[in-house]
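Line order of the protein sequences matches chains A and B.
Residue numbers for the first sequence follow the numbering used here, beginning at 1 and rising by one.
Residue numbers for the second sequence follow the numbering used here, beginning at 1 and rising by one.
Simulated from the structure, these hints should not be mistaken for lab results.
Check the hints yourself; a few may be wrong.
From chain A, some residues computed to sit far from chain B (all C-beta separations above 10 Å) [what the hints assert, rightly or not]: (1) His28; (2) Thr52; (3) Ala110; (4) Lys137; (5) Thr146; (6) Gly149; (7) Lys160; (8) Leu165; (9) Gly169; (10) Arg171; (11) Ile177; (12) Ser180; (13) Glu182.
Think about it this way: if two alpha-carbon atoms lie no more than 30 Å apart in a straight line, the pair counts; the simulated DSS-like pairs of lysine-lysine are [what the hints assert, rightly or not]: (14) B:Lys7 <-> A:Lys43; (15) B:Lys43 <-> B:Lys7; (16) B:Lys81 <-> A:Lys5; (17) A:Lys7 <-> B:Lys116; (18) B:Lys111 <-> A:Lys101; (19) B:Lys106 <-> A:Lys101; (20) A:Lys137 <-> A:Lys89; (21) B:Lys106 <-> A:Lys103; (22) B:Lys40 <-> B:Lys5; (23) B:Lys43 <-> A:Lys43.
Derived CB-CB ranges, DEER-like [unchecked claim]: (24) A:Arg166 <-> B:Asp88: 25 to 35 Å; (25) B:Asn115 <-> A:Ser98: 26 to 36 Å; (26) A:Gly144 <-> B:Lys89: 40 to 50 Å; (27) A:Gly17 <-> B:Lys160: 43 to 53 Å.
Each residue gets a CB set at the ideal place from its N, CA and C atoms; glycine is no exception.
The residues making up each chain are set out below.
2 protein chains.
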Amino acid sequence: MKLLKEKILEEGRVEEGNILKVDSFLNHQLDIELLNEIGKEFKSRFKNEGITKILTIETSGIAIAAITAQYFNLPVLFARKTDSKNLDKETYESNVYSYTKEKSYKIRIAKRYLNKNDKVFLIDDFLANGKALLGLKDIVEQAGATLVGAGIVIEKGFQKGGDSLREDGIRIDSLAIIDSLEDGKIIFR
Amino acid sequence: MKLLKEKILEEGRVEEGNILKVDSFLNHQLDIELLNEIGKEFKSRFKNEGITKILTIETSGIAIAAITAQYFNLPVLFARKTDSKNLDKETYESNVYSYTKEKSYKIRIAKRYLNKNDKVFLIDDFLANGKALLGLKDIVEQAGATLVGAGIVIEKGFQKGGDSLREDGIRIDSLAIIDSLEDGKIIFR
Numbered sequence: 001m002k003l004l005k006e007k008i009l010e011e012g013r014v015e016e017g018n019i020l021k022v023d024s025f026l027n028h029q030l031d032i033e034l035l036n037e038i039g040k041e042f043k044s045r046f047k048n049e050g051i052t053k054i055l056t057i058e059t060s061g062i063a064i065a066a067i068t069a070q071y072f073n074l075p076v077l078f079a080r081k082t083d084s085k086n087l088d089k090e091t092y093e094s095n096v097y098s099y100t101k102e103k104s105y106k107i108r109i110a111k112r113y114l115n116k117n118d119k120v121f122l123i124d125d126f127l128a129n130g131k132a133l134l135g136l137k138d139i140v141e142q143a144g145a146t147l148v149g150a151g152i153v154i155e156k157g158f159q160k161g162g163d164s165l166r167e168d169g170i171r172i173d174s175l176a177i178i179d180s181l182e183d184g185k186i187i188f189r
Numbered sequence: 001m002k003l004l005k006e007k008i009l010e011e012g013r014v015e016e017g018n019i020l021k022v023d024s025f026l027n028h029q030l031d032i033e034l035l036n037e038i039g040k041e042f043k044s045r046f047k048n049e050g051i052t053k054i055l056t057i058e059t060s061g062i063a064i065a066a067i068t069a070q071y072f073n074l075p076v077l078f079a080r081k082t083d084s085k086n087l088d089k090e091t092y093e094s095n096v097y098s099y100t101k102e103k104s105y106k107i108r109i110a111k112r113y114l115n116k117n118d119k120v121f122l123i124d125d126f127l128a129n130g131k132a133l134l135g136l137k138d139i140v141e142q143a144g145a146t147l148v149g150a151g152i153v154i155e156k157g158f159q160k161g162g163d164s165l166r167e168d169g170i171r172i173d174s175l176a177i178i179d180s181l182e183d184g185k186i187i188f189r
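Pulled out of the complex, with its shape left as it was, chain A reads as follows (with noise of 0.2 Å):
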């Protein structure tokens, strides 16, 4: 998507251990209408496979989905990471391994809404190792529900959760994919 590499290479900073920030537009500070125009081009994309449901992951899926969620007029479902009394107490649960925290998380989704007919879309702001993809989908799975695909943002192609993903046959797509951030420069596949 040019309008998106564009803003990466503007905006984007490099900074050491591969890390992106994108803080400017995407995961702090929000470019609602960059998210649009990021919502569009995941329903054409994937406007033909009958999705009822949009599954993203706090924190930084949360407006990615929603935004792209009106032109699916689709309900949203984020899994939450944290304990919190907004759940209910029947979920459905899934261990992730982060590799910056060193650590695994639970992320949960109360069961009432998903279920066996659901046709379920992922959407996420980064794919790096995959994992976070892995917990939704195994909550996807815990449901009996259908999982049509991810649509992601930016994907680290240097990093093996995408490929790995598509070798165990999802449909992953991602808006850009970044081959390199050797020596500070982004280098798009």
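For chain A, the structure is supplied; the task is to place chain B on it using the hints.
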């Protein structure tokens, strides 16, 4: 806001400890159509205030702020509760006490995204004790920016946060104010 109150009466569930669960449409599953109506309502109430930035706090404020921001054509900024590699080192910080979790947590905003020329509109899903809003207000003041007011979806009017903030001269517009949840019954002001 009539539509919101109807939705709360229809789908809200009152649980022990004056908890109002609205996870079917506001803070776990998201009813995007309703969020759009909420966004339009905030716009109509705050359209003449010269707002330059919409500020919220993770997690449940994000979707509401993002959808609302479309009507203002403004960027959203959301305060982070957790240490995050996505954040700059240069941040405004404030401590927020959580009564439900019985501990304080830090909220952070990267300094580069808020400055003295900003006129800031706060958005959040719930207002109860008002500690989160006070933390955001503190950050707005640290930046030398102007606080225009706060748009709240549901205020628990039987707790003291809203009234106390209003006594401090802050404009608080809550779309639904609940005066009582006693005996499992939702009474609006």
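Exercise for the section: Starting from lysine 111 of chain B, check that the Cα of lysine 101 of chain A is at most 30 Å away, please. Expected result: 24 Å, holds
Handout entry: Hinted pair lysine 81 of chain B and lysine 5 of chain A, Cα distance within 30 Å
Key = Since the Cα atoms of lysine 81 of chain B and lysine 5 of chain A sit roughly 29 Å apart, the hinted pair holds (cutoff 30 Å).
Practice task
Take the C-alpha atoms of lysine 7 of chain B and lysine 43 of chain A, compute the straight-line distance between them, and say whether it is at most 30 Å.
Solution key: Holds: lysine 7 of chain B and lysine 43 of chain A sit about 28 Å apart, inside 30 Å.
Handout entry: Hinted pair lysine 43 of chain B and lysine 7 of chain B, Cα distance within 30 Å
Key = 20 Å, holds
Exercise for the section: Sort out whether lysine 116 of chain B lies within 30 Å of lysine 7 of chain A, counting only the CA atoms. Expected result: 26 Å, holds
Problem - Given as non-interface: serine 180 of chain A, which should sit over 10 Å from chain B by C-beta - result: Check passes; 19 Å lies beyond 10 Å.
Exercise for the section: Take the C-alpha atoms of lysine 137 of chain A and lysine 89 of chain A, compute the straight-line distance between them, and say whether it is at most 30 Å. Expected result: Holds: lysine 137 of chain A and lysine 89 of chain A sit about 21 Å apart, inside 30 Å.
Practice task
Taking the shortest Cβ-to-Cβ distance between arginine 171 of chain A and chain B, state whether it exceeds 10 Å.
Solution key: Non-interface label on arginine 171 of chain A holds, nearest chain B Cβ at 23 Å vs cutoff 10 Å.
Exercise for the section: Just double-check glycine 149 of chain A for me: nearest Cβ-Cβ distance to chain B has to come out over 10 Å. Expected result: 20 Å, holds
Handout entry: threonine 146 of chain A remote from chain B - nearest C-beta pair above 10 Å
Key = Holds: least Cβ distance 18 Å, greater than 10 Å.
Handout entry: Assessment of proposed distance window 40 to 50 Å (beta carbons of glycine 144 of chain A, lysine 89 of chain B)
Key = The hinted range 40 to 50 Å holds for glycine 144 of chain A and lysine 89 of chain B, with Cβ atoms some 45 Å apart.
Exercise for the section: Verify that the Cβ of lysine 160 of chain A lies farther than 10 Å from every Cβ atom of chain B, and report whether the claim holds or is violated. Expected result: About 19 Å separates lysine 160 of chain A from the closest Cβ of chain B, which puts it past 10 Å; holds.
When held up to the earlier numbered hints, the structure conflicts with 1 and 3 and fits the remainder.
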